[in-house]
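Peer 1: Protein chains in written order, with our numbering: chain A, 80 to 346; chain B, 48 to 377.
Calculated directly from the structure, the hints in this document are not laboratory data. Just so it is clear, CB atoms sit at the ideal spot from N, CA and C, and this is done for glycine as well. Accuracy of the hints is not assured; some may be wrong.
[To be verified] The following label-pair restraints were derived from C-beta to C-beta distances:
| # | chain 1 | residue 1 | chain 2 | residue 2 | range |
| --- | --- | --- | --- | --- | --- |
| 1 | B | Glu-54 | A | Val-332 | 27 to 37 Å |
| 2 | A | Met-98 | B | Glu-186 | 25 to 35 Å |
| 3 | A | Ile-333 | B | Ala-61 | 20 to 30 Å |
| 4 | B | Ala-185 | A | Ile-333 | 41 to 51 Å |
| 5 | B | Arg-153 | A | Met-98 | 24 to 34 Å |
| 6 | A | Ala-103 | B | Ile-163 | 23 to 33 Å |
| 7 | B | Arg-182 | A | Ala-82 | 20 to 30 Å |
| 8 | B | Ile-163 | A | Gly-310 | 54 to 64 Å |
| 9 | A | Ile-333 | B | Arg-82 | 21 to 31 Å |
| 10 | A | Pro-306 | B | Arg-202 | 55 to 65 Å |
| 11 | B | Arg-153 | A | Tyr-100 | 14 to 24 Å |
| 12 | B | Thr-134 | A | Ile-94 | 34 to 44 Å |
| 13 | A | Ile-94 | B | Ala-185 | 51 to 61 Å |
| 14 | A | Asn-114 | B | Ile-163 | 30 to 40 Å |
[To be verified] So these bits of chain B aren't anywhere near chain A, every CB distance computed over 12 Å:
| # | residue |
| --- | --- |
| 15 | Lys-58 |
| 16 | Gly-68 |
| 17 | Leu-127 |
| 18 | Arg-145 |
| 19 | Ser-205 |
| 20 | Ala-338 |
| 21 | His-372 |
[What the hints assert, rightly or not] Covered stretches of chain B (in silico footprint by chain A; criterion: 3 or more residues with CB under 8 Å from a CB of chain A, positions within the stretch not fixed):
| # | stretch |
| --- | --- |
| 22 | 116-126 |
| 23 | 132-143 |
| 24 | 167-174 |
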Amino acid sequence: MNALRLYGRYAAASIAGQMQYPGAFALTAVAQFANTFVGFAGVWALFARFGHIGGWSLGEIALFYGAISMAFAIADALSRGFDVFGQEFVKTGNFDRLLLRPRATSLQLAGYEVRLASLGRLSQGAVVLAVGIWLAPIRWSLGDATLLAWAVAGGVAMFYGLLILQATLSFWTVESLEVVNIVTYGGVEAGQYPLDIYARWFRDLMMFVVPIGCVGYLPLTAILGRPNVFGAPAWAAAASPLVGWAFLGAALVIWGAGVRRYTSTGS
Amino acid sequence: MAQIRVEQLCKRYAVAERQPGAWGAVKGLFHRRQRVVEALKDVSFSLQAGELLGFIGPNGAGKSTTVKILSGILRPTSGLCEIDGLTPWLHRIRHVARIGVVFGQRTQLWWDLPVIESFELLRDIYRVDEAAFRRTKAEMVERLRIERLLDTPLRQLSLGQRMRCEIAAAMLHRPSILFLDEPTIGLDATSKLAVREVVRTLNREEGVTVILTTHDMHDIEALAERVIVIGNGVVLRDSSFEALRAEALGETRLVVEFAGAPSAIDIPGVSTRTREDGAVELAFDARRMPAHALISRIAAEHDVADIHVEEPQIEAVIARFYALHGAAEG
Numbered sequence: 080m081n082a083l084r085l086y087g088r089y090a091a092a093s094i095a096g097q098m099q100y101p102g103a104f105a106l107t108a109v110a111q112f113a114n115t116f117v118g119f120a121g122v123w124a125l126f127a128r129f130g131h132i133g134g135w136s137l138g139e140i141a142l143f144y145g146a147i148s149m150a151f152a153i154a155d156a157l158s159r160g161f162d163v164f165g166q167e168f169v170k171t172g173n174f175d176r177l178l179l180r181p182r183a184t185s186l187q188l189a190g191y192e193v194r195l196a197s198l199g200r201l202s203q204g205a206v207v208l209a210v211g212i213w214l215a216p217i218r219w220s221l222g223d224a225t226l227l228a229w230a231v232a233g234g235v236a237m238f239y240g241l242l243i244l245q246a247t248l249s250f251w252t253v254e255s256l257e258v259v260n261i262v263t264y265g266g267v268e269a270g271q272y273p274l275d276i277y278a279r280w281f282r283d284l285m286m287f288v289v290p291i292g293c294v295g296y297l298p299l300t301a302i303l304g305r306p307n308v309f310g311a312p313a314w315a316a317a318a319s320p321l322v323g324w325a326f327l328g329a330a331l332v333i334w335g336a337g338v339r340r341y342t343s344t345g346s
Numbered sequence: 048m049a050q051i052r053v054e055q056l057c058k059r060y061a062v063a064e065r066q067p068g069a070w071g072a073v074k075g076l077f078h079r080r081q082r083v084v085e086a087l088k089d090v091s092f093s094l095q096a097g098e099l100l101g102f103i104g105p106n107g108a109g110k111s112t113t114v115k116i117l118s119g120i121l122r123p124t125s126g127l128c129e130i131d132g133l134t135p136w137l138h139r140i141r142h143v144a145r146i147g148v149v150f151g152q153r154t155q156l157w158w159d160l161p162v163i164e165s166f167e168l169l170r171d172i173y174r175v176d177e178a179a180f181r182r183t184k185a186e187m188v189e190r191l192r193i194e195r196l197l198d199t200p201l202r203q204l205s206l207g208q209r210m211r212c213e214i215a216a217a218m219l220h221r222p223s224i225l226f227l228d229e230p231t232i233g234l235d236a237t238s239k240l241a242v243r244e245v246v247r248t249l250n251r252e253e254g255v256t257v258i259l260t261t262h263d264m265h266d267i268e269a270l271a272e273r274v275i276v277i278g279n280g281v282v283l284r285d286s287s288f289e290a291l292r293a294e295a296l297g298e299t300r301l302v303v304e305f306a307g308a309p310s311a312i313d314i315p316g317v318s319t320r321t322r323e324d325g326a327v328e329l330a331f332d333a334r335r336m337p338a339h340a341l342i343s344r345i346a347a348e349h350d351v352a353d354i355h356v357e358e359p360q361i362e363a364v365i366a367r368f369y370a371l372h373g374a375a376e377g
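The whole structure should be built from the sequences, with the hints applied where relevant.
Peer 2: Structure representation (structure tokens):
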């Protein structure tokens, strides 16, 4: 059975497990939906007052906001195993169990749990994205739609890589790593807006260090037919979500180094 | 040719020493004092296919380190280990596909899923084809008597029931080697016997090589023909269980209760001690002086109400063995 089908089996098992507690699932999903929805309601309130933010209309902002929010929600739903990795696997020694199975550890962790509760954030992201598609001041072509899907997919890969990197730190320390959330959650928050509203250093950080700009800002400006602040040509902006996949690849390589460290030192 | 060959395994860890207090924790972020712990100094042995090896030693002796290296989840500092032609830590994925591992204290099944669904997931993880899976599953279900448990979520099973399912799960991909780590810990008497019975059958009838680590000497007594005692990171003894027992029998005890007033027993090679209840306890070497000879001699010379032999408890023997080698946990 190949890795992808096995992943499907894992996902099905995880969902069956969570359905044993339907109340908990429903509550968390609703809470997540409400939480992120309130976030966007705040943005809407700003527009109601000022009309534009840094030259961007509400529809355009909704496009940025929805695309990044959805990408993160998908990555988040599929990465629960990495999220709880330090606490549930390294501290307890349960990682040994994964090493005893003839499959890549990253695949097993990815399959550990498909978090249904993330459906709340996901559906909220989808609603905002739909608003963006509807309000954005362009005529949608098939190419635009493809590029949008391509950007979201790149975003999923990039955020997944970020969550893997966060988990990898647990091989070196099992101390609480809340501080790393600044990068993930902070990155999501900041990436939900067009990067040109930020100061230069922060823009560069979001582009070249944690390349959220490559999966949000650049391809979306290309769709909207607007120039980007980095001066990248349209074709490069369209190709830039590839960087998200490269980032995921790099994260997996670093993960491998972490596993090698674990097997040398034990738990 | 040996199935498992282990030569001069050595494992050293650097352990960060924590300094006490909050300030110590802060300092620890920047500078850590490290202490080197030698978990394994020199461990060598080899094992033929189909053997059943008991692996014992006090806590911290290096048992689990050795088992972790053998099962491919830890790489040693130096030394060689070859199992069916593979080096576990270099060929992890190929190696673990051929072994089964049961931890008494840790589950490999999914907590919220019915047992059968866990089995099916393991089938896919280990790439077992459907026909072979059905055959093995049917066989294990029968051997372990778990038919009625298959549709129950794991969390609703008792420990004994769970352990039977764990062993079945570990066998689904037909491993040629089975590692059992404290498989009877916390089990009631019936479940312990059931687990031992199954392990014995898998070993004798199906030729599965078994490596058993345990603190329960009754497991060892019931199962292992060969025992390796490990202490302070070295192999203290590698012998048949019978040889270990014979060494234990170096000191057998005879308890004599007198009908009237106790009289002194003075026989060379026998040490005596009067118990609080007035009975006299004699310690002697059963290999030099058979118990029956000693009993008839005492019965002839003294006015005896009762005599019985106290076999040394295997636990006491092992404890003495650890103490003798300075291997007891400090």
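Peer 1: Each hint needs a verdict: does it hold in this structure or not?
Peer 2: Against the structure, the hints:
Taking the beta carbon of each, B:Glu-54 and A:Val-332 are about 33 Å apart, inside 27 to 37 Å as hinted. Checked against the given bound of 25 to 35 Å, the beta carbons of A:Met-98 and B:Glu-186, roughly 31 Å apart, stay inside it. Distance hint check: the CB atoms of A:Ile-333 and B:Ala-61 are about 22 Å apart, consistent with the given range 20 to 30 Å. Range check, B:Ala-185 to A:Ile-333: about 44 Å between beta-carbon atoms, so the 41 to 51 Å window is met.
In this structure, B:Arg-153 and A:Met-98 meet the distance hint of 24 to 34 Å, their C-beta atoms being roughly 25 Å apart. Checked against the hint of 23 to 33 Å, the pair A:Ala-103 and B:Ile-163 passes, with Cβ atoms roughly 24 Å apart. At roughly 26 Å, the beta carbons of B:Arg-182 and A:Ala-82 sit within the given window of 20 to 30 Å. A hinted range of 54 to 64 Å holds for the C-beta pair B:Ile-163 and A:Gly-310, which are about 60 Å apart.
One distance hint, 21 to 31 Å for the beta-carbon pair A:Ile-333 and B:Arg-82, holds here, with the actual separation near 28 Å. A hinted range of 55 to 65 Å holds for the C-beta pair A:Pro-306 and B:Arg-202, which are about 58 Å apart. Judged by the Cβ atoms, the range 14 to 24 Å given for B:Arg-153 and A:Tyr-100 holds: they are separated by roughly 23 Å. In this structure, B:Thr-134 and A:Ile-94 meet the distance hint of 34 to 44 Å, their C-beta atoms being roughly 39 Å apart.
The hinted window of 51 to 61 Å between A:Ile-94 and B:Ala-185 is violated, with their beta carbons roughly 28 Å apart. For the pair A:Asn-114 and B:Ile-163, the supplied restraint of 30 to 40 Å holds, since their beta-carbon distance comes to about 38 Å. At roughly 8 Å, the least C-beta separation between B:Lys-58 and chain A is not larger than 12 Å, which violates its mark as non-interface. Consistency note on B:Gly-68: stated as away from chain A, and its beta-carbon is indeed over 12 Å from all of that chain's, at 16 Å minimum.
Distance check on B:Leu-127: its Cβ is at least 17 Å (rounded) from any Cβ of chain A, clearing the 12 Å threshold; non-interface status holds. Distance check for B:Arg-145 against chain A: the nearest CB is about 9 Å away, which does not clear 12 Å, and the non-interface claim fails. Residue placement check: B:Ser-205 keeps its beta carbon more than 12 Å from all beta carbons of chain A (closest about 19 Å). In this structure B:Ala-338 is separated from chain A by more than 12 Å, as the shortest Cβ-Cβ distance comes to about 47 Å.
The Cβ of B:His-372 sits about 25 Å from the closest Cβ of chain A, beyond the 12 Å cut-off, so the non-interface label holds. With 5 residues carrying a beta carbon less than 8 Å from a beta carbon of chain A, the stretch 116-126 of chain B meets the three-residue requirement, and the given coverage holds. Residue count for the stretch 132-143 of chain B with a Cβ under 8 Å from a Cβ of chain A: 5. That meets the three needed, and the coverage hint holds. With 6 residues carrying a beta carbon less than 8 Å from a beta carbon of chain A, the stretch 167-174 of chain B meets the three-residue requirement, and the given coverage holds.
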